Amino acid sequence: MLTLDHIQYQVGENNTSKNIIEDISFSFLENTLYVITGQNGSGKSTLAKIIMGILPNTKGKIFLGKKDITKKSIQERVQLGLSFAFQQPVRFKGLTVKNLLDTASNHQYSIKELCEYLSMVGLCARDYIARPLDEKLSGGELKRIEIAMTLAQNKPIMIFDEPEAGIDLWSFDDLVKIFLMLKQQGKTIIIISHQEKILSIADQILVMQQGNIIAHGTPTEILPALSTSTKCIKLVEKGGNHGQN
Amino acid sequence: MDKIDQELLEQIADLHTIPQGSYSIRKNGKVWDRNSTSDIEILPKKDKEGIDVIVHKNVKNQSVHIPVMITQGGLNDLVYNDFYIEENADVLIVAGCGIHNVSTQTSKHQGVHTFHLGKNSRVRYVEKHLGIGNQGEKILDPVTNVFMEEGSTMHMETVQLGGVSHSVRDTKATVADHATLVVEEKILTTGKQSATTNFEVVLQGKNSHAEITSRSVAKDHSYQSFDSQMIGKEECFGHVSCDGILVGNARIDSTPKLSCQNVSSTLIHEAAIGKIAGEQLTKLMTLGLSYEQAEELIIKGFLS
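Going down the list, the sequences are from chains A and B. Each residue of the first sequence is one higher than the one before, counting from 1 in our numbering. Each residue of the second sequence is one higher than the one before, counting from 246 in our numbering.
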């Protein structure tokens with residue numbers, strides 16, 4: 001279980017400070033697919049990066065089981081079982097897809113096995129395994145490779161920040177199948193997304209607004225209220241499924 | 246061949262033993278071993294130190310190795326090597342110099358290489374530089390002159406990946422009609438090392454083409470300078486690219502000069518120098534690497 005205990009993230013100082021994350025407490029259970037949604041600027045990606053240790057929370061604690069991982073580095077969190085796929089993949093001059101998949105898998109797999117991860121995200125492995133992750137790859141190709149890296153890491157907790165961004169419709173269906181497969185494997189999956197199809201496969205949807213989780217529940221409970229932001233606010237006003245444990 | 250010789254030859258010329266075919270191996274300012282074939286002749290110069298390498302007309306899929314080893318402190322080795330690549334020949338030339346200097350004195354090698362590429366000939370030239378030893382300075386100052394005839398192709402790969410205290414590399418090329426020059430340079434400097442590269446390329450032929458790519462990493466307090474001058478005298482295309490990564494308190498200067506002297510010449514210069522991008526380090530850390538491991542992998546990839 002991954003537990004967030006009164007997490008706050010503040011930027012700026014004194015008079016100009018602003019809370020990007022106000023005060024979030026939530027527990028992510030094993031073998032569950034969570035989708036975090038909400039308007040742009042509501043703090044979704046920031047929260048995901050705080051969980052991964054990419055951004056340091058200003059207040060609060062993060063627990064993995066009973067272990068306090070608040071001060072743990074990114075590398076230590078990876079060793080403890082977390083992985084993260086970025087919304088905007090990074091390019092590297094000279095490093096190949098194989099170099100990165102090898103690193104992701106900690107050199108555990110053969111080339112054949114690494115190629116299977118590329119195939120899973122709809123890339124012809126033979127054409128991509130030796131290619132550098134440079135400007136010659138399109139955004140969509142990079143995005144699929146980013147997801148393949150996370151799959152190759154094969155960690156118990158997988159965080160995907162807007163995995164659908166830059167993915168074409170055909171691949172999007174395959175992406176949804178991948179998430180369902182990961183769910184069957186018993187992973188804890190946390191996806192930041194606006195996509196209705198991804199929201200619909202969630203076990204739990206978390207709705208964020210202005211740095212808080214304002215609602216959470218099953219798709220049946222949450223989706224009807226999500227058609228407009230006004231309805232999201234109504235959820236809070238009704239007091240339904242407020243996102244604090 | 247002792248262990249040091251073996252190590253140097255492996256690193257600079259990928260040689261595990263004496264090569265087959267034509268070769269000339271130089272050690273501590275003297276010819277150590279040499280072999281000439283009917284396809285590729287190697288002749289000693291009569292007026293000064295050095296050799297003439299003649300790759301005969303229409304010779305294909307052949308190679309010649311001319312590595313230099315210096316294991317003696319205080320040596321200043323100057324050598325002149327001329328290469329005559331005759332019409333339609335296609336050859337791989339593996340050069341390079343390794344200095345193993347454990348003395349307190351400075352050891353220096355300067356190879357002045359002049360290439361004469363005949364019509365439609367092709368050359369791939371690989372040159373690796375290496376310095377080993379912590380005390381005496383190891384200096385390498387290569388000079389390369391390239392004269393390219395119509396339709397010829399020269400592909401130069403130069404690598405200096407550590408241990409060289411100071412280097413100044415001067416390269417000048419004249420490119421004729423339909424000829425192509427490609428240069429790929431990779432340099433790593435650490436500590437207080439310095440490396441200076443000066444290119445002067447004259448695209449004087451119609452549809453001549455030149456691509457110069459420099460990738461460099463400067464660490465600690467080291468210094469690098471990349472100075473390129475490209476002159477387009479005819480309808481031609483030239484591209485110079487300089488990518489540099491700075492680590493610590495290092496410095497890299499890049500000075501471009503493009504001179505388009507014909508309305509149909511297209512010359513481009515690109516330069517990007519800076520520290521390793523934070524998002525690259527973060528991405529690799531999310532794959533399980535420490536900051537230092539991520540930095541090392543990025544540099545290794547960049548220079549690969």
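Hints were generated in silico from the structure; no laboratory data involved. On a predicted model such as this, the values are computed, not experimentally measured, just so you know. Wrong hints could be hidden among the right ones.
What the hints assert, rightly or not - No more than 30 Å apart at the CA atoms, straight line, and that leaves these computed lysine-lysine pairs for DSBU-like:
| hint | chain 1 | residue 1 | chain 2 | residue 2 |
| --- | --- | --- | --- | --- |
| 1 | B | Lys305 | A | Lys98 |
| 2 | B | Lys502 | A | Lys136 |
| 3 | A | Lys112 | B | Lys545 |
| 4 | B | Lys464 | B | Lys502 |
| 5 | B | Lys290 | B | Lys305 |
| 6 | B | Lys502 | A | Lys93 |
| 7 | A | Lys93 | B | Lys464 |
| 8 | B | Lys353 | B | Lys290 |
| 9 | B | Lys545 | A | Lys136 |
| 10 | A | Lys93 | A | Lys67 |
| 11 | B | Lys545 | A | Lys93 |
| 12 | A | Lys18 | A | Lys93 |
| 13 | B | Lys364 | B | Lys437 |
| 14 | A | Lys112 | A | Lys72 |
| 15 | A | Lys98 | B | Lys545 |
| 16 | B | Lys545 | A | Lys72 |
| 17 | A | Lys98 | B | Lys520 |
| 18 | B | Lys545 | B | Lys373 |
| 19 | A | Lys71 | B | Lys520 |
| 20 | B | Lys302 | A | Lys98 |
| 21 | A | Lys93 | B | Lys305 |
| 22 | A | Lys136 | B | Lys373 |
| 23 | B | Lys353 | A | Lys93 |
| 24 | A | Lys72 | B | Lys290 |
| 25 | A | Lys136 | B | Lys464 |
| 26 | B | Lys364 | B | Lys353 |
| 27 | B | Lys417 | A | Lys72 |
| 28 | A | Lys72 | A | Lys61 |
| 29 | A | Lys18 | A | Lys98 |
| 30 | A | Lys136 | B | Lys290 |
| 31 | A | Lys197 | A | Lys183 |
| 32 | B | Lys364 | A | Lys98 |
| 33 | A | Lys197 | A | Lys67 |
| 34 | A | Lys93 | B | Lys437 |
| 35 | B | Lys364 | B | Lys290 |
| 36 | A | Lys61 | A | Lys183 |
| 37 | B | Lys248 | A | Lys136 |
| 38 | B | Lys248 | A | Lys93 |
| 39 | A | Lys93 | B | Lys364 |
| 40 | B | Lys417 | B | Lys248 |
Quick rundown of the hints versus the structure:
Between Lys305 of chain B and Lys98 of chain A the CA atoms are separated by roughly 34 Å; this puts the pair beyond 30 Å, and the hint is violated. Distance restraint check for Lys502 of chain B and Lys136 of chain A: the Cα-Cα separation of roughly 27 Å lies within the 30 Å cut-off, and the hinted pair is therefore satisfied. Distance check on the hinted pair: Lys112 of chain A and Lys545 of chain B sit about 24 Å apart at the alpha-carbon level, within 30 Å; holds. Proposed proximity of Lys464 of chain B and Lys502 of chain B is supported: the alpha carbons are some 26 Å apart, at most 30 Å.
A distance of roughly 25 Å separates the Cα atoms of Lys290 of chain B and Lys305 of chain B; the hinted pair therefore holds under the 30 Å criterion. Between Lys502 of chain B and Lys93 of chain A the alpha-carbon distance is near 25 Å, which keeps this suggested pair within the 30 Å criterion. For the given pair, Lys93 of chain A sits about 18 Å from Lys464 of chain B by alpha-carbon distance, which is consistent with the 30 Å threshold. Taken as a hint, the Lys353 of chain B and Lys290 of chain B pair is honoured in the structure, with Cα atoms around 21 Å apart against an allowance of 30 Å.
Of the supplied pair hints, the one linking Lys545 of chain B and Lys136 of chain A holds, its CA atoms being roughly 20 Å apart against a limit of 30 Å. Taken as a hint, the Lys93 of chain A and Lys67 of chain A pair is broken in the structure, with Cα atoms around 38 Å apart against an allowance of 30 Å. With a CA separation close to 10 Å, the supplied pair Lys545 of chain B and Lys93 of chain A stays within the 30 Å bound. This hinted pair does not check out: Lys18 of chain A and Lys93 of chain A have alpha carbons roughly 36 Å apart, beyond 30 Å.
For the hint pairing Lys364 of chain B with Lys437 of chain B, the CA-to-CA distance comes to about 44 Å; that exceeds 30 Å, so the pair is violated. Taken as a hint, the Lys112 of chain A and Lys72 of chain A pair is broken in the structure, with Cα atoms around 34 Å apart against an allowance of 30 Å. Of the supplied pair hints, the one linking Lys98 of chain A and Lys545 of chain B holds, its CA atoms being roughly 14 Å apart against a limit of 30 Å. Restraint check for Lys545 of chain B and Lys72 of chain A: satisfied, since their Cα atoms lie roughly 27 Å apart, inside the 30 Å limit.
As the CA atoms of Lys98 of chain A and Lys520 of chain B are separated by approximately 24 Å, the hinted pair is consistent with the 30 Å bound. Only pairs whose Cα atoms come within 30 Å are accepted, and Lys545 of chain B paired with Lys373 of chain B is accepted, the gap being roughly 16 Å. Our distance criterion of 30 Å between C-alpha atoms is met by Lys71 of chain A and Lys520 of chain B, whose separation comes to about 26 Å. Taken as a hint, the Lys302 of chain B and Lys98 of chain A pair is broken in the structure, with Cα atoms around 42 Å apart against an allowance of 30 Å.
Restraint check for Lys93 of chain A and Lys305 of chain B: the C-alpha separation of about 33 Å exceeds 30 Å, so the hint is violated. Under the criterion of a C-alpha separation no larger than 30 Å, the hint pairing Lys136 of chain A with Lys373 of chain B is consistent with the structure, at around 28 Å. Taken as a hint, the Lys353 of chain B and Lys93 of chain A pair is broken in the structure, with Cα atoms around 33 Å apart against an allowance of 30 Å. At most 30 Å may separate the alpha-carbon atoms for a hinted pair to count; Lys72 of chain A and Lys290 of chain B exceed this at roughly 66 Å.
About 28 Å separates the Cα atoms of Lys136 of chain A and Lys464 of chain B, which keeps this hinted pair within 30 Å; it holds. Distance hint between Lys364 of chain B and Lys353 of chain B is unfulfilled; the C-alpha atoms sit about 35 Å from each other, more than 30 Å. For the suggested pair Lys417 of chain B and Lys72 of chain A, the alpha carbons sit about 54 Å apart, so the restraint of at most 30 Å is broken. A hinted pair counts as satisfied when its Cα atoms are at most 30 Å apart, and Lys72 of chain A with Lys61 of chain A qualifies at roughly 11 Å.
Under the criterion of a C-alpha separation no larger than 30 Å, the hint pairing Lys18 of chain A with Lys98 of chain A is inconsistent with the structure, at around 41 Å. Pair hint Lys136 of chain A plus Lys290 of chain B does not hold up; C-alpha atoms about 47 Å apart against a cutoff of 30 Å. Under the criterion of a C-alpha separation no larger than 30 Å, the hint pairing Lys197 of chain A with Lys183 of chain A is consistent with the structure, at around 15 Å. Of the pairs offered as hints, the one joining Lys364 of chain B and Lys98 of chain A is violated, with about 40 Å between alpha carbons and a cut-off of 30 Å exceeded.
Using a Cα cut-off of 30 Å, the hinted pair Lys197 of chain A and Lys67 of chain A is violated, with the two alpha carbons roughly 34 Å apart. Of the supplied pair hints, the one linking Lys93 of chain A and Lys437 of chain B holds, its CA atoms being roughly 26 Å apart against a limit of 30 Å. With a CA separation close to 25 Å, the supplied pair Lys364 of chain B and Lys290 of chain B stays within the 30 Å bound. Straight-line distance between C-alpha atoms of Lys61 of chain A and Lys183 of chain A comes to about 26 Å, which keeps the hinted pair within the 30 Å bound.
This hinted pair does not check out: Lys248 of chain B and Lys136 of chain A have alpha carbons roughly 43 Å apart, beyond 30 Å. Proposed proximity of Lys248 of chain B and Lys93 of chain A is contradicted: the alpha carbons are some 35 Å apart, above 30 Å. With a C-alpha separation of about 35 Å, the suggested pair Lys93 of chain A and Lys364 of chain B falls outside the 30 Å cut-off, and the hint is violated. Restraint check for Lys417 of chain B and Lys248 of chain B: not satisfied, since their Cα atoms lie roughly 36 Å apart, outside the 30 Å limit.
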